Each structure stands twice: as structure tokens, then as C-alpha cells.
Amino acid sequence: MGKVFDEEIVTLKADFMKLGALVSEAIANAGQAFIDHDVAAAKTIITNDHEINHLQIHIEKRSFEMIALYQPVTGDLREVVGILKAVTDLERAGDHARNIARETVQIKGEPRISEVETIIATMARGVSEQYDDSMDSYGTADQAKAKETARTYDQKMDDLYNDIAAPSYQAMAKDPDIVNSAIIYLNVAKDLGRISDYSTNICEWTVYLATGKIIELN
Amino acid sequence: MSDPIITADNLDLYYGDFQALHGIHLDFEPHQISALIGPSGCGKSTFLRCLNRMNDMIDGVTITGMVKFHDQNIYSPQTNLVDLRKEIGMVFQQPNPFPFSVYDNITYGLRIAGVRDKQKLDEIVERSLKQAAVWDEVKDNLYDNALSFSGGQQQRICIARVLAVSPSVILMDEPTSALDPISSAKIENTLLELKKEYTIIIVTHNLQQASRISDKTAFFMEGRVVEYDDTSKMFVNPDNKQTEDYVSGRFG
Amino acid sequence: MQNQKLAKQLMKKSKTARYERFGHLLSLSALLLIMAIVLGIIVFVATKGLSTFFNDHISFKDFFTGTLWNPGTKTPSGHQAVGALPMIVGSFLVTILAAVVSTPFAIGTAVYMTEISPKRGAKILQPVTELLVGIPSVVYGFIGLSVVVPFVRNTFGGSGFGILSGTFVLFVMILPTIVSMTVDSLKSVPKYYRQASLALGATKWQTIWKVVLRAATPGILTAVVFGMARAFGEALAVQMVIGNAALMPHNLVSPASTLTSVLTAGMGNTVMGSLQNDALWSLALVLLVMSLFFNLLVHFIGRKGAFKK
Amino acid sequence: MRKRTVIKWITALVVVLAGIGAYSVRSKTATNQQSITAVGSTALQPLVEAASEEYSAEHSGIFINVQGGGSGTGLSQIESGAVQMGNSDLFAEEKAGINPKGLVDHKIAVVGVAPIVNDRVGIHNLTTRQLIAIFTGKITNWHQLGGKNLPITLINRSQGSGTRVTFEEYGLKGHESAVAQEQDSSGTVRQIVSSTPGAISYVSFGYVNQTVQPISLDGVAPTEKNVMDNKWKIWSYEHIYTRGEPKGLTKQFLNYLKNRHIQTTLFNKLGYISVKDMHYQRTWQGKISKGSGES
Amino acid sequence: MQKLDQQSDRFIYEFNPEETPITMQTKDLEIYYGKSLAMHNADIQFEKNTITALIGPSGSGKSTFLRSLNRMNDDVATVNGQILYQGVNINQPGIDVYEVRRRIGMVFQRPNPFAKSIYDNITFALQRRGVHSKKVLDEVVEKTLKQAAVWDQVKDSLNKSALSLSGGQAQRVCIARALAVKPDVLLLDEPASALDPVSTAQLEQTLRQLKKDYTIIIVTHNMQQAARLSDYTVFFNMGEAIEYNKTRKVFTRPKMKLTDDYVSGNFG
Amino acid sequence: MNRSQKQSRIAIAALRGIAGFVVLILAFLIGYIFITGLPNVSWHFLTTPAKAFTSGGGIGIQLFNSFYLLVLAMLISLPIALGASIYLNEYAKDNWFTGMIRTAIEILSSLPSVVVGLFGFLLFVVQFNYGFSIISGALTLTIFNLPLLTRNIEETLSGVSDDQRQGGLGLGLSKYETIIHIVVPAALPGIISGIILCSGRVFGEAAALIYTAGQSAPALNFGDWNPFNIDSPLSPLRPAETLAVHIWKINSEGIMPDLTKVSSGSAAVLVLAILIFNFSARYIGRKVFEKMTSI
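So the sequences go chain by chain: V, E, R, U, P and G. Using numbering that gives the first Met the number 0, read the first sequence as starting at 0 and increasing by one per residue. Using numbering that gives the first Met the number 0, read the second sequence as starting at 0 and increasing by one per residue. Using numbering that gives the first Met the number 0, read the third sequence as starting at 0 and increasing by one per residue. Using numbering that gives the first Met the number 0, read the fourth sequence as starting at 0 and increasing by one per residue. Using numbering that gives the first Met the number 0, read the fifth sequence as starting at 0 and increasing by one per residue. Using numbering that gives the first Met the number 0, read the sixth sequence as starting at 0 and increasing by one per residue.
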């Protein structure tokens with residue numbers, strides 16, 4: 000296939016990486032805003048989510064067109080299919096970052112549990128790192144790094160989730176006033192957990208991109 | 000996995016001093032469509048023609064190695080060429096019906112084999128035209144000159160002509176390259192039906208075609224088989240870089 | 000503005016267009032010239048040939064059914080002795096026999112040249128056939144006289160002069176024409192017909208017989224027509240070996256004559272415009288009509304018997 | 000590409016010029032009488048041709064074309080005035096379709112015609128009656144005449160040929176030959192007679208050679224001397240006709256032909272008999288009278 | 000700027016001539032072979048510096064349409080209606096077809112180099128038009144062969160017979176040959192159908208380059224080729240232009256059911 | 000080995016037999032001509048003029064005449080045949096009229112050459128007053144030659160792929176330019192074999208020339224190449240007996256003693272000449288083709 004496909008795939012990948020960067024920013028900022036109780040930053044994230052959605056739709060459309068027009072095979076096929084699949088994960092990860100931003104707005108004025116928030120902060124950083132590593136591995140089609148990332152973070156993030164969930168439930172049982180906050184903590188942890196899952200998915204697509212094999216990494 | 004019906008073993012072919020095929024080893028399984036792909040001059044057509052000894056006609060061709068058909072080396076001196084070609088039929092690039100009626104075209108192979116029984120001939124004409132999925136289009140014009148039909152119909156008549164002598168293997172040398180997409184699609188559908196009863200080996204330039212219809216694909220380059228595997232693998236995740244470049248169109 | 004300029008450029012007759020007009024006219028005039036020649040000859044032969052009937056008042060019946068040829072005199076029964084039947088029959092017989100004999104040989108040779116041994120065919124047979132076309136008919140005639148006639152006399156009896164000798168000589172004379180044209184038509188049969196046939200398990204012979212020859216039939220028929228045309232028009236050689244006697248041929252070894260041989264022999268000894276001369280032109284006219292007939296006949300057979308390529 | 004166009008035009012030009020040139024030169028030479036043409040009898044052709052060669056050798060720049068075509072052609076061409084001399088084996092009066100008015104006869108030579116047979120026949124002499132019987136198809140085998148048991152093969156010259164007319168008139172006494180094979184040249188006749196057992200035909204004396212057997216008639220041998228004395232009856236004049244009295248080159252050439260020197264040297268070599276040597280003359284109706292008849 | 004002709008079930012994209020330079024345009028075109036109507040309803044505009052692909056089943060009239068654009072059909076068909084080339088109707092009496100064909104060049108299905116050297120193949124038409132300066136011809140040869148992306152392969156064998164070239168090279172030499180007479184528009188009639196995939200890819204590459212300087216109209220029966228190569232696609236069926244739109248649209252969201260069926264291979 | 004294969008072997012053996020038989024016939028013919036003829040061929044024979052009635056004559060002038068006439072006839076007929084076949088194959092629509100023209104041309108080719116000769120005689124020799132001359136002969140040969148040559152060229156032209164024509168038209172060239180500069184060169188090898196075949200016929204033709212180019216070969220002045228002088232070898236107006244006519248003439252009316260020698264020698268020379276002509280035409284054709292295909 001000619002140069003045009005190659006040019007288009009470069010653009011597509013650039014768009015995808017741009018989307019990755021936007022989502023990465025959203026994840027990082029959402030975690031930070033939650034910890035800092037920064038409503039303004041959270042609102043920015045919510046607004047910016049539109050951009051992510053637009054970009055995702057654009058990338059999907061381009062991918063469909065490329066499949067329709069060029070009928071790629073082998074590496075090209077994996078490139079387009081990988082992006083087409085991973086872009087959903089990115090967008091969803093972005094959605095969860097937006098959810099976290101919403102929780103940041105909701106939790107404003109509620110009582111806090113500082114030890115839980117410390118763990119959330121750890122988890123947010125971890126998830127953000129995991130996401131970034133996943134995207135790095137995708138960007139370089141580095142399946143070793145992808146597997147490594149999945150192995151490193153997956154269990155860790157599950158553990159962190161439990162570390163957040165347990166004190167939150169305990170707090171809820173003890174103090175009815177804290178229920179709202181605790182639920183929000185649980186939601187945030189869940190969002191972070193999902194982002195971690197999507198990152199793992201991205202790692203799986205990295206493996207597909209590199210080898211054409213579809214595997215489960217967790 | 001069943002036993003291969005045709006096996007090429009260490010097959011070399013020379014045009015004079017020029018070696019066109021280098022130690023080809025390929026197995027073809029029954030009731031499958033195997034596609035041979037590769038750039039022009041890679042030897043895929045030459046190889047195909049080795050399988051029913053159509054290269055024998057060309058001056059200065061030397062062939063070494065073996066082609067086994069049901070465990071029998073077709074290059075052994077005992078081989079009866081005429082019988083061999085009845086077992087291993089061939090369809091060519093250009094639709095090439097003889098300039099006779101459709102009926103005469105289909106019955107040609109039978110008549111030269113001495114079949115005279117009109118009723119039997121009629122049956123076979125109907126059967127093979129139906130198998131080649133062209134019966135409905137020609138049944139009312141069986142006695143018209145085959146050349147008066149469209150290219151796609153002509154090619155299917157040619158397929159029917161091969162089917163009429165009941166071969167077990169059909170070799171096809173770019174059977175759709177002279178046809179428009181609709182006719183090609185019809186031929187492809189025909190082939191997918193035929194593979195239930197026949198073994199089909201097809202040379203094609205059209206990579207999408209290979210990917211659409213074949214079970215196995217062999218990629219030839221410079222007289223060698225670079226890669227031979229399941230088509231699904233060849234088009235998603237080939238082992239060889241050259242194969243990948245070729246099937247993705249980045250070649251040359 | 001721009002458009003008008005362009006329109007002007009496009010409307011201007013270019014040099015190329017003038018070339019085309021010139022070339023068209025040039026080739027048309029060449030064809031018209033040939034047509035004029037053909038028509039001229041046909042009209043010429045027709046007027047001369049018909050004047051036997053219209054100026055000299057010979058009846059068609061005497062001409063076509065009479066068997067005595069001595070224009071200017073009367074037959075014992077009182078008719079004009081202008082019976083052309085012996086020559087017509089002689090011409091027919093010798094042409095058809097020559098065509099019948101040489102066609103299988105020519106086809107066999109052509110098949111050999113194209114299908115069996117193309118290399119040897121191109122190297123030896125083709126130049127030789129082309130060479131034979133150029134041997135003057137007088138030479139053929141003399142070889143016929145010194146080789147064929149004694150051979151026929153010793154083998155089949157009679158004087159040796161007759162239709163059989165004429166056939167043998169014409170056979171050799173028209174062979175090159177038929178061979179080279181048959182070779183052309185065999186070569187124009189696409190290679191893939193042969194491949195398809197072989198791939199269906201046909202033997203080489205079956206392929207040649209059932210596919211190649213069948214597909215080449217129109218071309219072969221044309222070749223035969225041209226061969227017959229040459230046989231028809233041949234005079235000097237035939238005249239020497241056929242005996243050239245205006246007798247109804249009773250068998251193949253008794254002297255007979257053809258239209259051309261009588262025509263050629265008599266032309267110089269008659270005076271333009273005399274009955275003797277007009278009668279000869281009538282023979283030429285008959286020849287013309289007969290070759291037209293053969294032409295149409297073979298084209299008709301060709302169209303019926305074969306398919307469009 | 001351009002070069003070829005130029006070449007093509009040059010070729011076309013050359014052809015056109017050659018055509019025009021040819022026409023103009025033609026008319027010029029025709030009026031200057033630098034070249035004259037004699038057409039007709041193939042029997043007379045070698046003689047006139049040989050004479051013209053000698054004449055041209057003696058007179059440079061003179062061109063005498065001698066063409067065959069047969070007596071009929073010669074007469075009709077001279078009648079239409081297309082040529083200067085028309086050669087004929089026959090009197091113009093004898094030829095159907097010719098108006099002899101205005102044609103001037105120049106009798107150049109006398110030619111004797113002899114019956115010839117294949118030398119395996121074994122017969123050297125025939126009577127006139129036997130000859131007539133043979134040629135009218137009444138006798139069909141040589142053993143009927145005391146020769147070998149060989150069927151007789153008749154070979155005639157073409158109808159209208161001067162030799163045949165002469166032979167039928169004086170050899171067969173006016174009987175017409177039966178329909179048999181015909182040849183339109185003496186050479187071919189001789190060749191066929193020499194190679195066909197039992198063949199009989201007739202040629203002018205010039206063509207008789209060792210390959211065929213000449214026949215004496217009624218004991219008279221076909222010799223020039225017998226012709227001069229009219230003992231051998233089968234002979235005829237060779238005529239050159241002109242349209243009106245000859246002028247210029249034509250006249251000079253005709254005189255040259257009639258010149259004693261030519262008539263004695265060339266004629267003998269070619270088997271013609273000089274008119275001057277004849278002791279008898281004959282009119283076109285066949286009347287014989289004494290005298291050479293030379294004009 | 001678009002019209003959806005509900006009655007005839009056709010969708011034809013239209014340009015705004017104010018904004019978009021249009022090189023060629025057909026209006027009310029009707030093409031007859033003898034008495035039979037082979038082509039009608041094809042009012043198409045061709046934008047400058049684009050590639051337009053004409054697709055459709057065999058006998059749909061796409062080649063007929065293409066050939067009438069530079070009047071190559073003159074001898075075999077009767078063409079009614081207007082064919083506008085830069086606003087001038089070239090389908091009218093008095094038009095010099097040779098000048099039209101010079102400006103609207105054509106490349107054919109099978110590579111058809113003349114039995115001449117490569118150099119002469121390219122310069123032949125110019126020489127016939129009276130250009131004989133060696134310098135000018137040399138320049139043209141180099142320029143067009145470079146444009147056709149075949150210069151590097153043939154520059155050392157310009158004097159060799161063009162018949163010795165491979166199919167792909169020969170086809171690009173044919174393109175160079177067409178470019179040598181400085182056309183505006185390039186018509187291509189299935190130019191890659193006789194070529195293998197590698198040569199086809201190279202040819203497509205060449206065409207993409209050429210689009211900068213020419214308006215290219217290509218008939219192809221390879222839909223992938225139309226898809227990956229062209230900017231606009233016209234879908235013909237039964238002698239009618241059914242849909243004319245941007246290629247991306249035609250191949251992802253065709254407006255017509257018929258087009259949809261055809262490009263997705265569910266046709267016939 | 001089954002039945003059909005046996006049948007095939009037998010049939011192919013039979014074909015080989017037929018081809019072998021034909022080769023034998025041909026070999027016999029050529030061998031006969033050469034064996035009887037070549038011993039009589041010498042340099043002297045090839046260069047001296049013919050003698051009418053003495054031995055020792057050659058065929059120098061006849062040989063020259065044959066070639067000159069052939070070249071002239073081809074120069075005239077080739078452009079006409081080319082033009083006509085171009086019109087028939089490229090311009091003419093395929094209808095009954097074209098069919099009629101083709102049939103007429105085919106019929107013309109079956110006319111006995113003597114009829115063509117007489118036509119030429121009446122038209123060129125008499126009507127145009129070219130006399131018995133090379134130009135009359137060449138024009139008559141043109142008539143004789145045109146049908147076959149036209150048909151041959153037309154056949155070859157129709158064998159050139161339409162792609163080539165479209166290529167030319169697509170470049171904005173006229174049909175005519177395309178034909179002349181592309182189609183004709185592409186058809187050149189075929190045209191050349193057509194010319195060779197026709198040349199063979201022309202070379203061996205006698206009957207058409209007897210009445211047009213004449214049967215005499217007057218001595219030529221080989222020092223004078225001005226075509227307007229009548230004794231120049233190039234003069235189109237001189238009578239010119241060709242080799243084939245010479246063979247015919249000496250066999251039918253020749254009276255020289257060494258007739259058979261001259262005749263068989265001439266035949267051998269004729270065949271040799273055709274041989275040389277064939278090879279050189281092929282060679283030149285190949286060279287021209289190479290030149291045109293790669294400069």
C-alpha cells in the first residue's frame with residue numbers, strides 16, 4: 000500500500016498519542032485535584048472531557064475509513080485495529096478521570112478521612128504512572144514493557160483499592176456523617192481501579208500490536 | 000489434518016541455465032484452497048504448471064526433484080501424462096473457451112476420452128455447469144458459441160469444462176485477473192463451493208482474493224517459498240518480514 | 000475572455016487535421032485506383048467476352064454445352080464450333096483435384112511447421128516454400144514434361160498427358176501458397192487454446208485435430224481459395240502437361256484442356272475483334288465468373304462451418 | 000521520421016518524373032525514327048531479331064524492337080498502326096478479322112514445315128494419304144503402317160498458328176486435323192515429340208534436330224532444295240507487313256533484310272529459305288507459278 | 000451545493016465554480032452505439048488537481064464516458080450533449096479533435112509502448128508537431144520520465160526499444176509519453192489492470208505525484224484502487240452516473256443503496 | 000499407453016511423414032533445377048548478352064532486366080498497395096461494400112496472368128504509347144501484383160494490436176500519422192515477408208510480360224546511366240526481356256544449339272536470384288526494423 004496509507008497511519012497514531020496525552024493529563028490532574036480539593040481544576044477537567052470525546056470520535060471515524068479504503072493487513076491491520084480498540088479504553092479512562100473530577104466537586108464541604116485520602120493519593124499517582132507506562136509501551140509497541148507494566152501495577156492497584164475500601168466501610172459504619180464522603184472515596188477508588196484496568200487493556204493491545212495475539216494480562 | 004494430496008519435494012526448475020525454482024517443498028491438503036502469491040516472476044505460475052507437467056511443453060526446461068500425487072511421483076517415466084492431466088485439471092488466466100458451442104466445450108474432455116453416450120454427456124454438462132454456477136445463465140444457449148458469453152461466464156464455462164472430466168485437483172492460474180469485480184466475486188463463490196469436493200490450488204495477483212478464499216497461502220519470491228502457512232496467519236501476523244511487506248503492499 | 004481565446008485555439012484546424020485529411024485521401028485514392036483497375040479489367044473482360052454472344056450472335060447454349068472448339072467453323076450439326084464445355088470441365092477438374100490433393104499435404108506441412116517442429120519449420124520449410132513461389136511456371140512445366148508426364152505414362156498408362164499430370168504439377172505449384180497461408184492462420188490460433196486442451200488430458204494430436212484446426216478453419220479455407228485461384232489462373236505449366244486438347248476428358252490420363260491454357264495458347268494467333276478472339280475472351284469471362292463462384296462458395300462454407308474468433 | 004518523409008516524397012517525385020520523361024522521350028524517339036518495332040509471328044521472330052542485332056551493330060543509335068505475340072497480334076497491331084512492322088506467317092487475306100487494305104506485304108523468307116515423329120516409331124516415310132489418315136484419326140497405331148506397335152499421339156500447334164494453317168492446307172490437303180492436344184510453340188512440340196513414344200507433329204525446318212525424326216512424304220524428303228523446287232509442298236512465306244509503303248528506318252531495315260548477304264548467311268543458319276532462291280511462287284489463294292516472286 | 004435527485008435516485012455532487020476551479024464538465028451527455036443508448040445522466044464536474052475515479056460493473060458505461068471526454072469515441076459512437084473543457088464545449092462541430100486530445104491525454108489499459116526506442120516513444124508526438132530541437136526534446140524526455148517516476152530505471156537505456164520494458168515500467172513510460180505533449184487533463188482507462196501489485200503500487204504513487212500538476216480521471220475496476228487513490232469517485236451503473244461524491248464518503252457512507260451494494264461487493 | 004495416445008503417435012508420425020514428403024518434393028525440385036542448371040552457370044554466362052541462334056550466349060541483360068523490373072514494379076505497387084490496404088483496414092467500415100472490394104481483389108488474383116498481360120498491352124503499350132518497354136512491364140506487373148500484395152499487407156496490418164493505434168490517437172496525433180509512423184513500422188516484418196512472396200511471383204512471371212515488357216533484350220550501354228537515353232540500362236522505355244520470359248522464349252521458339260543448357264542454367268540462376276533476394280530482403284527488413292525500433 001502506498002505512501003498515503005503510511006502518512007495517514009502516522010497522523011492517526013499521532014492523534015491517538017495526543018488523545019493519550021490528554022487522558023493522561025486528565026488522570027493526573029483529576030487525582031491531584033481530588034487530593035488538593037481543587038474544584039476549579041476539577042471543573043476544567045470536566046470541560047476538557049468534551050475535547051477527549053471529540054478526538055476519540057474523530058480517531059474512530061478515521062480508523063473506519065482507513066479500513067474501508069485501504070483494507071489493511073498484517074502490521075497495518077494491527078496498527079489500525081489496535082488504535083480502534085485502545086481508543087475506547089482511552090476514552091473510558093478519560094471518562095473515569097472526569098468522574099473523579101465530578102467527585103471532587105461533590106465532596107466539597109463534606110468531612111474527610113485523611114488517611115484514606117493519603118492512600119487515594121498513592122493510588123492516583125500509581126494509576127497515573129501505570130497509565131503513562133502503558134501508553135509508552137503502546138507508543139513504542141514494546142510488548143515486554145507492556146507485560147511488565149501490567150504485572151507491576153495490576154495487583155498493586157487492586158491492593159490499594161482494598162486499602163481504600165476497607166477503611167471507608169469502617170468509617171461509614173462508625174459515623175453516618177461520613178457516609179457521603181466514604182461513598183465518594185469508594186467511587187474514586189473504583190474509578191481509579193477502572194483506569195488501571197483500561198491501562199492493562201492498553202497493554203494487551205500493545206501485545207496485539209506487536210504480535211497479533213490477543214491475550215489477557217491480569 | 001489429513002494427508003497431503005500433492006507434495007512437491009525439493010523441486011528445482013531451470014530454463015536453460017537460469018534456475019527459476021529452488022528446492023520447492025510444499026504440501027497441499029485435500030478439500031482446501033491453497034493460494035500461491037508473490038511478485039511477478041517469482042515462480043508461482045511456473046510452480047503451478049509443474050504440478051500437472053504443463054512445463055513439459057516448453058523447450059529447454061529441466062526439472063529435478065519430485066512432485067507426488069497420492070504418493071506417486073508424477074515425474075516418473077511411467078506417468079501417463081494424459082491421465083495425469085485428467086486428474087489434475089487446470090484453469091487459465093485468460094478465459095479460453097474453445098470457439099465452439101458451450102456444449103462442445105464442456106464435453107470436449109469426455110469426448111477425447113472416448114465417451115459417446117449422449118445421455119451421459121448431457122448429464123455431465125448439466126452437472127458441471129451447475130457446479131461452476133453458470134448453468135442458469137447458459138442453459139438456454141448451450142449450443143451458442145461459448146465466445147458469445149461475457150468474460151466471467153466464459154471463465155466459469157472453462158471451470159465447468161475442467162470439472163466435466165472429474166479431476167481431483169484443480170490448478171488455477173490467476174483465473175480472475177481478466178475479470179471485473181462482480182464476475183470475480185462469482186468465481187470466488189464458485190470456488191468456495193467447489194472445495195468441498197475438489198482440491199484447489201490457485202495463483203493470484205490479487206492479495207485480497209487470496210485472503211478471502213484460501214485456507215493456506217504460500218508466498219513465493221525469486222523462485223523460493225518464503226513462507227507457507229494458514230492464510231489467517233499470513234495476513235495478520237506473518238513470520239517473515241518479506242511476507243509482511245508484500246501482503247501489506249510495501250514491497251519494492 | 001480566457002475561454003474565447005481557448006475556444007479559438009481549439010477551433011483552429013491544426014496541421015494534424017490537415018495531415019489526416021491528406022492521408023485519408025491518399026489511401027482512399029490508392030484504393031480507388033485498385034478498384035478502378037479491378038473494375039477496368041472486369042469491364043474489359045466482360046465487354047470482350049460478352050461480345051461473342053451479342054456481336055457475333057453465338058448462343059449461350061452452343062457455348063456452354065458444345066464440345067467442339069474451333070471458333071469460326073461449324074460443327075457437323077451446323078452449330079458454331081464454340082463449345083467451351085471441355086475446357087470448363089477441364090478447369091474444374093484440374094483445380095478441384097489439385098486443391099483436394101494439396102490441401103491435406105499443405106495442412107499436414109503447415110501443422111508440422113507450427114505445431115510439431117516450429118524451429119525446423121521456420122528454418123527450412125518456410126524459406127523453401129517462399130522460394131517455390133518464385134519458380135517460373137515454365138520451369139514447372141518443363142519439369143512436369145520431363146518427369147511427371149513419363150511417370151504418369153509409365154504408371155497409369157495413356158500418353159501421360161492429361162488431367163492427372165496437370166493435377167500433379169498444380170499440386171506442387173499451389174502447395175507453397177496454401178502452406179504459407181495456412182501457417183499464418185494456424186499461428187493466429189491463440190496459444191491458450193492448445194494449453195487448455197492439453198490440460199484437459201487431450202493428446203497432442205487430439206489438440207491439433209479438434210481444436211487448432213477447427214479454430215483455424217476459416218483461415219485454411221481462405222488459403223485453399225487462394226490456392227485454387229492460383230490453380231485456375233495458371234496457364235503455361237498446365238498447358239504443357241495436360242495435353243491441351245479441347246476434348247471432353249474421359250479419364251484422367253487422356254489429353255484435356257483448361258480455360259487458361261486454351262486462352263493463352265490462342266491469344267497470339269487471333270486478331271482482336273474477330274470471333275476467334277472474342278470467343279477466347281468469353282473463356283476469360285467464364286474463368287472470372289467461376290472464380291467468383293468458388294470464392295463465394297468457400298466463404299459461405301467458412302461462415303457456416305466455423306465460429307467467429 | 001522526417002528523413003523518411005523526405006525519402007518518400009523523393010521517390011514519388013522520381014516516379015512521376017520518370018513517367019513524364021518516359022512519355023516525352025517516347026514521343027521524341029517515335030518521331031525521330033530512332034527506334035522501330037516489329038511485332039508478331041513467333042516463327043519469324045528469331046530471324047528478324049538476329050538481323051536487327053546485326054543491323055544495330057552496324058548502325059549505332061538505332062533501336063529495332065522485335066517482339067513475338069503471334070501472327071494475329073502482328074497483323075492487328077500493324078492494322079491499327081501501333082507498330083511499324085507486323086510479322087506474320089500468313090497472308091493478311093487469310094486471317095479472319097483483318098482488313099488487308101492498306102497493308103503492304105514484304106515476303107521475307109520461305110519456311111518449310113516437316114512432319115516429325117518420335118524416333119522410336121521406326122517410320123521415315125509416309126504417303127500423303129497416310130498422313131491425312133493419321134491426322135484425321137483414322138489410323139491410331141503405328142503398326143497399321145508397318146511401324147512399331149505404338150499408339151499414335153497427335154500433337155497439334157494451336158488453332159490459328161501459321162505453321163498449323165500451312166500444314167493443314169498443304170500437308171493434309173485442306174483436311175482439318177482431329178481434335179488432339181495442342182501446343183502453342185514449336186519448341187514445346189519438339190520437346191513433346193522427342194519424349195513421347197508414338198508422337199507425331201510438325202515443325203518448321205529450323206526446329207528439326209536430332210532429337211526427332213523428320214518424315215518424307217511420298218518419297219520426297221523435307222529439304223530446302225525440295226522446297227525451292229516446290230517438290231516439298233508444305234511451305235509458306237514469312238511476311239512482314241507495313242502500313243503503306245515503308246519509309247525511313249523501316250524501309251532501310253526491310254531492305255537490309257532482303258539484302259543478299261543477310262539472306263545467304265543468316266537465313267541458312269536459321270533454317271529459312273531465301274525468297275530469292277525459290278523457283279516457284281504462290282499466291283494467298285494457293286496458286287503456284289514459276290518464278291521467285293520477289294518484289 | 001449538493002443535490003439529491005429523488006426522482007431518479009441519483010446523487011451528484013456539485014462544485015461551486017466560484018470557489019472551486021473546474022477543469023472539465025459534462026452536461027446532458029448521451030452516448031449512442033448505433034441505436035442503443037450506452038450512456039446518459041452523467042452531469043459530472045471534474046475539479047482541477049484532483050484524481051477522480053470512475054467505478055462500476057462491466058458495461059456500466061464508465062469507459063465509454065471516459066473515452067468521450069477526449070473524443071476517442073468519435074469513430075464508434077454518437078455523442079450528444081456538452082463536454083466542457085475550461086468552459087469550452089469540445090463536443091461541437093469545428094473543434095479540432097487533435098488539439099483536444101493533446102490537451103486531454105489518455106493512457107490505456109494495456110501498456111502500449113510503440114515499437115520504438117524509449118526516447119522516441121516520448122518525443123514522437125512532439126516531433127510530429129514540429130519540435131526538432133535536440134535540446135528541447137532531451138529536456139522533455141528527462142522531465143516527463145521523472146514526472147512519471149521511471150527516469151532512474153530507464154535513463155541509461157533511452158535508446159533501447161520500449162518493448163523490452165516490464166509492464167509497470169512500460170505503463171509509466173506511456174504516462175510520460177502522454178505528459179510530453181503538455182496536457183492539462185490525464186484520462187486513464189484501467190491503467191493498472193495488466194500490472195502486478197508491486198507495479199500497481201508504483202503506478203499509483205506516480206499518479207499521486209502527478210495530481211499536483213494535472214487533473215486526473217481514472218477508470219478502474221479495482222475498487223481498492225479507487226478507494227486508496229482518488230479524491231472523488233463516480234459510480235456508474237447501466238449507463239448512468241448513480242453517485243458522485245468524495246471517495247471517503249462513497250466508501251464509508253454512500254448515499255445510494257446501489258453504490259453501497261457495489262462497493263461492498265454485494266452486487267449482481 | 001491407451002488408444003488415443005497410440006492414435007496421437009501414429010497421427011504425428013503421419014504428419015512428419017507428410018512434411019517429409021513435401022520437403023522431398025521441394026528438395027527434388029530445387030535439386031533438379033540446380034543439378035541440371037548450375038554446371039552451365041559461369042561468370043561469362045551471367046554477364047554476356049544472349050545470342051539468338053548461336054551457342055555461347057549468356058543472360059546478363061535478362062538478369063539485370065529482371066531485377067530492374069522487379070524494383071520498378073515494387074516501387075510503383077508498394078505505395079499503392081500500402082495505401083489501399085491502409086484504407087481497407089483502417090478507414091473502411093466493415094460493410095458489404097468493403098466485402099465486395101475484398102472479393103473483387105481476390106478474384107483479380109485468380110485471373111490468368113495472360114489476361115492481365117493483354118490488358119496491360121492494350122492500355123500501356125497501345126493506348127499510352129509506351130511501347131514494349133520496362134515501364135509498360137512494370138505497370139502491368141503492378142496490376143498483377145496489387146491484389147496479393149494488398150491482401151498480404153492488409154492481413155499484417157490487422158495483426159497489429161489496436162492498443163498501438165489508440166496510443167497514437169491518445170497523443171493527439173492524426174489517424175494517418177499513427178498508421179504511417181506506428182502501425183506500419185510495427186507491421187514491417189510481416190509486410191516484408193509479403194513483399195518477398197510477391198517478389199517471387201513477380202520474378203517468375205512470364206505471361207504478363209510477354210505482351211508488355213517484350214521479348215527482346217537489345218544490347219545495353221552499361222556506361223550510360225542517363226535514364227533518358229534509350230540504350231541506357233535505366234531507360235524505362237527500352238524493351239526488356241526478363242529471365243523468366245527468356246526461359247519461356249528459348250524453350251518455345253529458341254533455335255540455339257545450346258538451348259537446354261541456357262534454359263536450365265537460367266532456371267538455376269533465377270532460383271538462386273530469388274534465394275538471394277529473399278535473404279537480403281529479410282536482412283534489410285530486420286535492419287530497418289531495428290533501426291526504427293531503437294535509434
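These aren't lab readings, by the way, just hints derived from the structure by calculation. Be a bit skeptical, because a hint or two may be false.
[To be verified] Calculated pairs, SDA-like style, for lysine to any residue (alpha carbon to alpha carbon, straight line, at most 20 angstroms):
| no. | chain 1 | residue 1 | chain 2 | residue 2 |
| --- | --- | --- | --- | --- |
| 1 | R | 11 | P | 76 |
| 2 | V | 17 | V | 37 |
| 3 | R | 190 | P | 76 |
| 4 | G | 92 | P | 193 |
| 5 | R | 14 | P | 128 |
| 6 | G | 50 | U | 53 |
[Said to hold, decoys possible] Which bits of chain P does chain V cover? Going by a derived footprint, with three or more residues having C-beta under 8 angstroms, they are:
| no. | segment |
| --- | --- |
| 7 | 90-103 |
| 8 | 243-253 |
Just so we're clear, the structure is a prediction, and the values are computed from it rather than from any experiment. Ideal Cβ positions, reconstructed from N, Cα and C, are used throughout, including at glycine.
Tested hints:
1. R:11 x P:76: 24 angstroms, violated
2. V:17 x V:37: Measuring from Cα to Cα gives roughly 25 angstroms; hence the hint is violated.
3. R:190 x P:76: 33 angstroms, violated
4. G:92 x P:193: Cα-Cα ~30 angstroms, so violated.
5. R:14 x P:128: 8 angstroms, holds
6. G:50 x U:53: 11 angstroms, holds
7. 90-103: Our answer is that it is violated, as 0 residues pass the Cβ test (under 8 angstroms) against chain V, missing three.
8. 243-253: holds (count 4)
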